[in-house]
Each structure stands twice: as C-alpha cells, then as structure tokens.
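J.: The chain contents come next:
Number of protein chains: 2
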Amino acid sequence: MLTIVGIGPGKAEGMTMEAYECLSRCECIVGYTVYVDLVRQLFPDKVYYSTPMTQEVERCQWAIEQAASGREVAMVCSGDSGVYGMAGLVCELAGEETGVEVLPGVTAACSGAALLGAPLAHDFAVISLSDRLTPWDKIEKRLQAAAAGDFVICLYNPASKGRPDYLRKACDILCETGVEEERICGVVQNIGREGESSRIMTLATLRDYAADMFTTVYIGNRMTKQLGERMITPRGYRQVNGEV
Amino acid sequence: MLTIVGIGPGKAEGMTMEAYECLSRCECIVGYTVYVDLVRQLFPDKVYYSTPMTQEVERCQWAIEQAASGREVAMVCSGDSGVYGMAGLVCELAGEETGVEVLPGVTAACSGAALLGAPLAHDFAVISLSDRLTPWDKIEKRLQAAAAGDFVICLYNPASKGRPDYLRKACDILCETGVEEERICGVVQNIGREGESSRIMTLATLRDYAADMFTTVYIGNRMTKQLGERMITPRGYRQVNGEV
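Protein chains in written order, with my numbering: chain A, 3 to 246; chain B, 3 to 246.
Calculated from the structure, these hints are not laboratory results.
Where hints are given, some of them may not hold.
Note: identical chains are not told apart, hence a pair may lie in one copy or across any two.
As the list claims (entries may be wrong) - 30 Å max Cα-Cα, derived DSS-like pairs, lysine-lysine: (1) K13 - K163; (2) K140 - K13; (3) K48 - K13; (4) K140 - K171; (5) K171 - K143; (6) K140 - K163; (7) K143 - K227; (8) K171 - K48; (9) K143 - K163; (10) K171 - K13; (11) K48 - K163.
What you are looking at is a predicted structure, and each value in this text was computed from that prediction instead of being measured.
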C-alpha cells in the first residue's frame with residue numbers, strides 16, 4: 003500500500019490526525035529531502051528514502067516498487083498532497099493499478115491565509131511562478147486571467163535562487179492588467195516553521211519584496227482591505243445583513 | 003480568546019491535531035448548526051451555541067462577546083476557516099481588537115481532490131456558485147476568466163434547493179468560453195461523511211448532474227485526463243524527465 007500524505011505546513015500540530023496515524027503505522031517514508039527531515043524528528047524509527055528536487059520520478063518509482071513488494075509506504079508532501087504535490091505524478095506512474103491512496107493536508111494557501119487574517123474568504127486563484135515545469139507564457143496568461151476575473155491570487159514558488167525577479171515580473175503583469183499599485187497584498191514566510199512571519203503591504207511594495215522559496219504571496223481582490231494587522235477579503239455578509 | 007477553527011471535511015481524523023486540541027481545551031463551541039452537530043459527538047461536554055445559515059453576524063457577535071468576557075471560545079467552520087469560512091466576518095467585526103486566532107483546516111477543494119486522484123496538481127481557481135452574497139454577473143465573469151486562463155476550476159456550492167440549475171448555467175458559460183464538452187470533470191459528495199462518493203465524467207454529463215449543497219465540482223484544464231478511476235492534471239514532471 004502506498005499513501006501520498008500531505009503533512010501540512012511543517013509542524014506536527016498542523017498535520018491531520020489521519021496523516022499522523024498513517025506515518026505512525028507505515029514502514030517506509032519517502033519524499034523530498036527537506037520534508038523527510040521534518041518528519042524524521044517525529045518518527046525516527048522508519049526506513050527513509052529521499053531524493054533532491056529534480057528526481058521526482060525516481061522517488062515515485064521507488065515508492066511504487068516498495069509498495070508492490072508488500073511494504074506499507076508513505077510518501078510525504080509539504081502542505082497538501084495534491085496541490086503541486088506528488089499525488090499527480092504517482093497516480094500517473096501507477097496507471098490503473100490500485101493500492102494508492104491520497105490523504106489531503108492543509109495547503110500553504112490556507113495555512114498562510116490564517117496568519118494574515120482572512121484573505122481567501124472569496125473566490126481565489128492559486129498560481130505557481132515556477133517555470134521549471136510550466137512555460138512562462140502560460141503563467142503570464144494565468145496571471146492576466148486571474149486579474150481580469152478579480153480573483154484573490156495566491157502565488158506559490160514566487161522566487162528561487164535561479165529566478166530572483168519572477169515576483170517583480172508577476173507584479174508588473176498584474177499592474178498592466180489593471181490591478182492598482184495600492185492593492186492590498188500579503189506575504190508569509192516559513193509557515194509553521196522556525197522564522198514564521200507575515201506582512202501586509204501594497205502591490206507597489208510587493209514588487210520589490212525579497213521573496214524566497216519558502217514565501218507564499220497573496221494579492222487581494224478589489225474589495226480586500228487591511229484592518230489593523232489583518233488582511234481581509236469581505237464576502238458580503240455585512241451587506242446582506244444591512245449593516246454596511 | 004476566540005479561535006476560528008477549520009475542522010476539515012467532517013470526520014475527526016480529517017482535523018489537524020491543533021484543531022482537535024483547541025476544541026478539547028475550549029469552553030464554548032459556536033457555529034452553523036450542521037457543523038456544531040458534527041463536533042458535539044466528539045466533545046459532548048461543552049457549551050454550544052449554533053445559529054442557522056442566515057444568522058452569521060449574530061453568531062460571530064455572540065462569540066466575540068463571550069471571548070471578551072474571558073471565556074475560551076472556538077468557532078467551527080467546515081473545511082478551512084478562511085475559504086468561504088467565518089474568519090473573514092469575525093475579523094471584520096472584531097476590527098483592530100486582538101485575541102482572535104485563525105486555525106486553518108483542509109478545505110473541500112483538497113479533501114475532494116484526494117478522493118478523485120490529483121485534479122489540482124496544477125494552477126487552479128476556486129469559485130462559489132452561491133449568489134446569496136455575490137451578484138451572479140460577478141460569478142459569470144469569474145467563470146469566463148478561469149476558463150480563459152485554462153485553470154482547473156473547483157466549484158463550491160454548485161446547487162441548493164433555491165437554485166437547482168446553477169451548475170448547468172455554469173457549464174454553459176464554460177462551454178461558451180471554449181471549454182469542450184469532452185473536458186474531464188469530477189464530482190465528490192459528502193466528503194468525510196456518510197454517503198461519501200466520487201465520480202468522473204465529461205463536462206456534457208456534468209451539465210445534467212444533480213448536484214446538491216454537499217457536492218464539490220472539478221472541471222479539469224486542457225491537460226486533465228482520466229486514468230482508470232482517477233482524475234489527474236499532469237504538472238509536467240514526466241515531460242521534464244524526457245519520458246513523454
């Protein structure tokens with residue numbers, strides 16, 4: 003049996019109870035080095051197998067083979083197992099084979115939003131700025147579409163060493179599509195880990211923000227506002243109740 | 003202290019460990035009747051306060067007042083606390099007051115996706131079809147924008163008794179925006195509860211599907227495919243590794 007497990011933002015308390023139980027029960031734990039190291043502290047007595055970021059296929063094949071040989075295998079993913087996680091690749095490689103289960107987890111869009119207040123209380127779009135697996139022109143088109151639809155936008159992978167300026171490029175595209183420079187935005191870093199922080203700023207400030215690969219970014223919709231230290235996208239309840 | 007707690011899809015195992023601990027610890031639990039009833043089975047010895055769906059403001063005000071009087075109060079939301087949840091309204095009503103914490107949970111987009119396979123492995127948009135709080139023309143515009151951007155689309159609140167034909171209307175809008183009738187779609191019902199089910203179908207079939215308020219709907223992007231009993235949106239790892 004192979005279970006793809008979303009472990010949430012990183013700390014044990016952010017895992018679902020079924021994710022925790024699955025990891026307690028399994029024999030082997032497989033994953034990207036960074037996530038395996040998070041889990042190893044909680045469950046030291048397991049067989050571990052990790053590979054760096056470019057070796058996803060090898061990692062999945064190893065997990066599928068181990069499970070086929072009768073072992074209980076868990077593949078860990080940060081956040082949710084499906085959102086930019088390994089569930090897709092494992093399902094593709096497993097084909098029509100059964101014996102693969104997917105356990106969801108709290109994705110960074112939600113765990114980061116909780117730190118900021120409630121930026122995702124209305125329709126939203128999730129976009130990864132990594133062009134390792136997606137052509138940049140497709141990313142650009144999605145940014146334009148999300149801005150045109152007045153979605154709250156949550157950006158994953160806003161920057162890395164090889165592409166330090168992608169967040170700036172994305173902000174420029176949003177501005178060109180009509181998002182004003184004063185639009186309320188938010189960033190969170192190291193969610194559920196050491197160094198956790200959040201900050202609210204305008205789109206103009208976000209453009210020059212030094213994001214890294216552990217940053218999640220939120221661009222509000224037209225209604226999003228800052229109230230004290232919180233970023234809030236109203237859903238309209240107060241209007242419905244005649245208060246505003 | 004007031005904590006807004008996302009309880010995940012419904013079963014105890016789907017809660018995060020910190021959500022479970024927060025509910026164990028608090029004195030009062032507040033929420034929409036349906037969610038409070040789910041939680042009451044797990045924690046019978048609490049003070050409960052629930053209101054039906056149109057009385058969100060009263061519910062939040064009661065929770066804020068109770069917390070201000072020194073009680074430990076948890077407000078429960080199905081799925082995540084922020085995604086169409088109560089975190090937004092509570093933060094608005096609380097203004098710049100401190101003493102409000104938001105705990106995220108597994109939103110239906112992720113828990114439903116896990117049942118289908120991996121439909122959300124690439125950029126996606128989440129749209130609620132409920133026009134109780136959002137004008138229909140805004141919903142229509144967002145459907146068009148999401149289709150134009152080739153996002154995977156996840157629909158919340160696809161139907162209710164008062165609006166049985168909204169899913170059909172949404173499918174028609176997507177078709178008019180260029181989504182082909184053969185596009186791979188998926189539906190899940192009663193995630194994490196009795197009667198849990200999932201089904202994969204084309205957009206043409208989805209158009210006539212009898213969704214209810216416990217249904218979550220997925221419309222794939224151009225790359226989404228059905229493999230056996232699973233709905234998968236490839237992210238491109240296999241292409242990167244030169245296999246396809």
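J.: Next step is simple, just say for each hint if it's right about the structure.
T.: Do the hints match the structure? See the list:
Taking the shortest Cα distances, K13 and K163 sit within 30 Å of each other inside one copy (25 Å), while across copies they are farther apart (41 Å). With identical chains, the CA atoms of K140 and K13 are never at most 30 Å apart, being 34 Å at best within one copy and 38 Å at best between copies. Taking identical chains as interchangeable, the C-alpha atoms of K48 and K13 lie at most 30 Å apart whether they share a chain (18 Å) or sit on different chains (28 Å). In this assembly of identical chains, the alpha carbons of K140 and K171 lie at most 30 Å apart whether taken from the same copy (14 Å) or from different copies (27 Å).
Taking CA atoms no more than 30 Å apart as the test, K171 paired with K143 passes in both settings, with 13 Å inside one copy and 25 Å between copies. When the C-alpha separation of K140 and K163 is checked against a cutoff of 30 Å, the pair qualifies only within one copy, where the shortest distance is 21 Å, while the shortest distance between copies is 38 Å. Taking the shortest Cα distances, K143 and K227 sit within 30 Å of each other both inside one copy (26 Å) and across copies (22 Å). In this homomeric assembly, K171 and K48 never come within 30 Å of each other (Cα to Cα): the closest approach is 43 Å inside a single copy and 51 Å across copies.
When the C-alpha separation of K143 and K163 is checked against a cutoff of 30 Å, the pair qualifies only within one copy, where the shortest distance is 24 Å, while the shortest distance between copies is 37 Å. Neither within a single protomer nor between protomers do K171 and K13 lie at most 30 Å apart by alpha-carbon distance, with minima of 32 Å and 42 Å respectively. In this homomeric assembly, K48 and K163 never come within 30 Å of each other (Cα to Cα): the closest approach is 32 Å inside a single copy and 50 Å across copies.
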